[in-house]
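Residue numbers (numbering that gives the first Met the number 0), protein chains in the order written: chain A, 0 to 322; chain B, 0 to 78; chain C, 0 to 322.
Each hint should be verified, as a subset may be incorrect.
To be verified - Looking from chain A toward chain C, a few residues come up when the C-beta cut is under 10 Å (computed):
1) D86
2) G92
3) H98
4) V112
5) V119
6) V175
7) S320
Since the hints were derived computationally from the structure, they do not count as laboratory data.
In this text, a Cβ means the ideal position worked out from N, Cα and C, and glycines have one as well.
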Amino acid sequence: MIEATPRVLLERMWLVRAFDEAAGRLSRLGEIPGVIHLTIGQEAAVVGACAALSVEDYMVGNHRGHGHTLAKGGDPGRLMAELLGKDSGVCRGFGGSQHVAEPDVGNLIGSAVLGSGVPVGVGFALASQTLEQGRVSLVFFGDGASNEGAIHESMNLASIWSLPVVFICENNGYAVTVAARDALSVTDVAARAAGYNMPGVTVDGQDVDAVYGAATDAVARAREGLGPSLVEAKTYRFREHAENLPIPPYRAESELAAWEARDPIPLYEERLLTTNVLTAEERDAIEEAARARTEEAIAFARASAEPSADDLAANLYADGSER
Amino acid sequence: MRVDVRLIQFGMAMQEGSVLAWLAEIGDAVVEGEPLVEIETEKATAEVPAPASGTLESIVAEPGALIPVRGLLGTIAVV
Amino acid sequence: MSETTYLDAVRTAQAEEMRRDARVLVMGQDLRSNVYGAADGLLEEFGERRVRDLPTSETACVGAALGAAMCGLRPIVDMTIASFLYVAMDQFVSQVAKNRFMSGGRLVTPVVYRASMFYRGATAAQHSDRPYPMFMNVPGLKIAVPSGPVEARGLLKSAVRLDDPVLVFEDSLLWAERAELALDDDEPIPLGRAHVLRHGTDVTVVAIASAVKQALQAAEELADEGISVEVVDPRTLVPMDWDTIFESVERTGRLVVADPATHTCSAASEIAATVAERIFGALRASPRRVTTPDVHAPFSPALEAGLYPDAAKISAAVQSCFD
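For reference, chain A alone in the conformation it holds in the complex:
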């Protein structure tokens, strides 16, 4: 397991930022089919959570999943290739941006239907417990998904069986245009944990140390057999729900500006610089490295071939049969 030092946390947040900025650009260049949902503004929430896991631990992502996979250690080249629909993509072009799976780093599924992947993530924990694998299953969902029945059933099931699950809610305040304050019966999603007899904690999702601390506690609990926990990270997405989506404004500009002033990356850099953990040159190098790695990923993806139509039937069933 790579130790989650401050440098590592910053490197990962920069990789997510650089990747998603590039994905946005590529989408406007017409190179990415379909729609993409970017993690920009939420890097601390995803990086802090995944940093508490080992590479063998399981993780379930969602439609806003580039950050999830990268934070878990997924390769940016194979992820970019997946976004471009290439055969060298993590899912050989079969999943795309909203359904990223990278089994090599425990990210077994990313599910676009809200909340739909969470029961499956509970199942990963069931296998871990039954087979004594010692692995934890960390499942991501947003404030909108926290209203889905699947999430409630999953929390109940994980609780009654004491499964090693960590439920992470990235509460970014909106489900597309519907504000959490209008859709949720609670102010803090974490308050729902008590209803399922598990600890629930709300943290500042823009503070990667805070998220990492809460996630680490939850992961430790799970690994010790003490059952599931819910960590709510209050965060904000700086871009539109889906990149390039032309929706009339529904968020006050002042609200966006206030959150952008709490960009998780400069916030953390400020902390590391003022405590002399990093020098300004080291900070610059980290950003450059992330952007260089992203450019390599783009070049790899662009140069890769598309999948063959022969693969369509071959991937439906394990024996490669058609209907």
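With chain A held as given, fit chains B and C onto it using these hints.
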């Protein structure tokens, strides 16, 4: 170097759009991110921003043209 | 050799597969108390970890079983009453059927869901569905419809050993059926292999689930009238053994499909359409479907009794092929 201006897929079900108007003329300087082409889709009117900064080099899709998503609208010459 | 009932054959298959493979486990509502009749003795033999009672949370449980299957277990989920599959429809369609495909073939999903179709027993509309046609339309699932104890045991054993998700639709009208099981024969019945139960020359009757017995009875009666009926039990709907069905209809030139599902988009529809499309030249009469009308199961037996396929309706359909 030349950068293609392509029709962005503004929404999940979008298959095509028609060009309403270009917001720059050939030879004009354009800035990455600034609106460049007005598009009409079944759902709404939207603007394709310039994907790069440079000079508008060519217009391939004139107003009225129906273009598939990710289809070519024009090109920008980038220094 | 041992004569057992349909349900006991299911129990036998589960116990055999659990002995054979430590990764196999069973889970279901009221399973430990054996309320649904196929779990007798399993808790005593295999213990709590492998024999689990489920809460009434179909979404979470269907998904968790899938997740567990993706991480090394091979669960058999007793969904109890077939109508309850709908409660977890998103899990079946968005997760169970799609995860292997969306991963580009990188994930394995060896999970089995079994349920009994309750009908003709005054269980009324919400408990009387015969849902398999809906699931036939979802690529990525396999579907078995055992028509007797031998089939129930053999098909379930196959399903457990497959790396694909399988839905087994048992038929409560067949619970009392008895047959000899060859217990020293561990060979499962492969999916996608139909069984010609009775050879004939004048008409092919493809029959599903409880309609198999009705078709055999009709065939006996029609023989007295000089009509030689061939009865084919497809045993699985996905994959469908088209070769056997085509070979039969090419000889007889006539097709009747008897299917307890409701009429529109029934399995019978798919079989009739495919035969007409693929071997039209061999047909001497248009295909007939004997199904349940497009109506929900009414409560009163006075209304329900005559709804489903029976020997008389099958006979009438056969005879109409000769008009």
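Structure-based check of each hint:
no., hint, in the structure
1, D86, "8 Å, holds"
2, G92, "7 Å, holds"
3, H98, "4 Å, holds"
4, V112, "5 Å, holds"
5, V119, "4 Å, holds"
6, V175, "19 Å, violated"
7, S320, "6 Å, holds"
This entry does not satisfy hint 6, going by the numbered hints stated previously; all others are met.
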